[in-house]
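Protein chains: 2
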Amino acid sequence: MSSADFGALKHPFVLRALEPSDYRKGYLKLLEQLTKVGEISEEEFTARVEETRHLGDLHHAVVIEDVERLAIVASATLLVELKFIRKCGKAGHIEDVVVDSTVRGQHLGQRIVDHLTELAKQLGCYKVILDCTEANVPFYEKCGFGLKERQMARYFS
Amino acid sequence: MSSADFGALKHPFVLRALEPSDYRKGYLKLLEQLTKVGEISEEEFTARVEETRHLGDLHHAVVIEDVERLAIVASATLLVELKFIRKCGKAGHIEDVVVDSTVRGQHLGQRIVDHLTELAKQLGCYKVILDCTEANVPFYEKCGFGLKERQMARYFS
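Keeping their order, the protein sequence lines are chains C and U.
Here UniProt numbering is used: position 64 in the first sequence is 64, and no number is missing along the way.
Here UniProt numbering is used: position 153 in the second sequence is 153, and no number is missing along the way.
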């Protein structure tokens, strides 16, 4: 694990790595504000958390907990890609950024994106990238990101 | 490793997984047609290939070799991301697609993208995504992809 600073959020908010016990703190409910989540048992959730932990520094799922309500109110993930270009460089991918609708306007989204950006830098990434809707472009510009290419997708049914 | 079909390209082209010996078949020279590569020793290259192999089905770097010239003429990588959304689903990322300028117009790019798309499907991904320049949008539309979001990036010096 990296030594990136996990502190410095104002009470009652704490930024930390995702844990299996976050299943009971509304983590999946939070993700539903982002997209479809579906039924996931606590066992399946714990297994997936363990699976990502085995990836070590290549996968960092982080959350912000409201420690008074014991509720997860924000989360995002950093995926580190091993490349051959850029002297066998690494690229960070920020994925699934979500902030609970009840705590928006408190810069928690920016804090979590800044944290993962700093983590990517510490881990030796030469860049960090993400895909977002047109509406979220100004938010990520505030986080220091610039428009780059077009994202394309193909879905399987 | 998946059982995705690696065959069916016309002689002298063969589609297969990247190997350490591709260092001597011009793989890095090919990547230079995409972006900066920099100095990489054969030892560094071999180490990175081994590192990606340890990721098993989460990382597939594939190449097309011209077996008459013993030269790598196309390559691309599929990265598989472990998510929590979509019932602990998986998302495929296609990265670093490149076709040597001397063999363009023979649909090798489409073959390699189709191959990685099919591989993502076989591995249980619910979608496959990629980022590309505006100029390459029509090519990926031919490969069955549709425009989705905006890509944003932050580079570290």
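If you are wondering where the hints come from, they were derived from the structure by calculation, not from laboratory data.
Keep in mind that a hint or two might mislead.
The list makes no distinction among identical chains, and a pair is therefore deemed to hold if it is satisfied within one copy or across any two copies.
Taking lysine-lysine and the DSS-like style, the derived pairs with C-alpha atoms no more than 30 Å apart in a straight line are [said to hold, decoys possible]:
1) K10 x K87
2) K148 x K10
3) K90 x K25
4) K29 x K142
5) K10 x K90
6) K142 x K10
7) K121 x K142
8) K142 x K36
Okay, the hints, checked on the actual structure:
1. In this homomeric assembly, K10 and K87 never come within 30 Å of each other (Cα to Cα): the closest approach is 40 Å inside a single copy and 32 Å across copies.
2. Taking the shortest Cα distances, K148 and K10 never come within 30 Å of each other, neither inside one copy (33 Å) nor across copies (36 Å).
3. When the C-alpha separation of K90 and K25 is checked against a cutoff of 30 Å, the pair qualifies only between copies, where the shortest distance is 23 Å, while the shortest distance within a copy is 33 Å.
4. Taking the shortest alpha-carbon separations for K29 and K142, only the intra-copy value of 27 Å comes in at or below 30 Å, while the best inter-copy value is 37 Å.
5. For the identical chains of this complex, K10 and K90 are neighbours neither inside a copy (32 Å) nor across copies (34 Å), given an alpha-carbon limit of 30 Å.
6. Taking the closest pair of Cα atoms, K142 and K10 come within 30 Å of each other only inside a single copy of the chain (20 Å); across copies the shortest separation is 50 Å, beyond that limit.
7. Taking the closest pair of Cα atoms, K121 and K142 come within 30 Å of each other only inside a single copy of the chain (18 Å); across copies the shortest separation is 36 Å, beyond that limit.
8. When the C-alpha separation of K142 and K36 is checked against a cutoff of 30 Å, the pair qualifies both within a copy, at 27 Å, and between copies, at 28 Å.
Hints 1, 2, 5, counting from the list given before, are not met by this structure.
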